[in-house]
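Sequence order for the protein chains is H and U. For the first sequence, this note's numbering begins at 4 and goes up steadily by one. For the second sequence, this note's numbering begins at 19 and goes up steadily by one.
I should point out that these hints are in silico values taken from the structure, not numbers from a laboratory. There may be inaccurate statements among the hints.
[To be verified] Example chain U residues on the side facing chain H (calculated, C-beta under 8 Å, incomplete): (1) 61; (2) 106; (3) 109; (4) 116; (5) 117; (6) 120; (7) 122; (8) 125.
In this text, a Cβ means the ideal position worked out from N, Cα and C, and glycines have one as well.
Spelled out, the chains give:
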Amino acid sequence: GNSVTQMEGPVTLSEEAFLTINCTYTATGYPSLFWYVQYPGEGLQLLLKATKADDKGSNKGFEATYRKETTSFHLEKGSVQVSDSAVYFCAQNYGGSQGNLIFGKGTKLSVKP
Amino acid sequence: DARVTQTPRHKVTEMGQEVTMRCQPILGHNTVFWYRQTMMQGLELLAYFRNRAPLDDSGMPKDRFSAEMPDATLATLKIQPSEPRDSAVYFCASGTLVGMGYTFGSGTRLTVV
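Isolated chain H, as found in the complex:
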C-alpha cells in the first residue's frame, strides 16, 4: 500500500549547519509530495510541495526534489537557524486532488546556537 518513511530523529545540529532529512515513499501511481512542519504546541503547516517528477519545492531556504527513480523527496537546507527547530513531516497525497494525506512519523530537529 501507500506509505511514507522518513529518517528517525531526533536530529541535533549547530546553527549554520547543513540539514538533510531523508524521505522515501511507496505508492501506486505518481502522488504529490509534501513537507509539513510542526512547531511546539501548534498544528502542522505546509512547508513545500512538488507535484510531479523532477519538480523542486522550495520555501524559507528549504528545498526538496521529487525523485521518481529513487522514490524519494529528501528535505535540505544549507544553513539552519535556531528558529528551524521543529518536527518535520513528509507526506504524500492519496485519493486524488481532493484526497487525504499519508504522513511519515516525523523527524524532530533541534538546532543549537
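With chain H's structure known, arrange chain U on it following the hints.
Positioned in the frame of chain H, the structure of chain U alone reads:
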C-alpha cells in the same frame, strides 16, 4: 490569516466519560479531516468529509468514536466512552485541493485518566 479553530485546547477526563471535540474549518474549505497524533503511532487519519458528507472513517474505532458535520462551519469528534488509550492530540484540518495544502488547527490535547 484564516485559521482552523479547535476547542477545547486541552481536556482531561476520567475513563468512561464522553468527550466532544469541535472544529471550525476555514470558510470556503469543503474538505475537513480529523487526525490523531501520538508518539507511538505518529499521525493517523481518523475520518474526513467533503461537502459535509463522510468519505472515509475507516481509521476510527467505530464502537466508541463518531464524527459529524452538522453544518459547514462545525465538525465534531466524539468519544464515548473514553479510555486511557485515547489520550493523544487530535487535529482538525481543512482545505480544498490537496495541492494547495491543508490548514491544520492547533489541536486538542486529550488526557483520559
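Q. Which of the stated hints cannot be reconciled with the structure, identified by number in ascending sequence?
A. The structure conflicts with hint 2 only, although it agrees with all the remaining ones.
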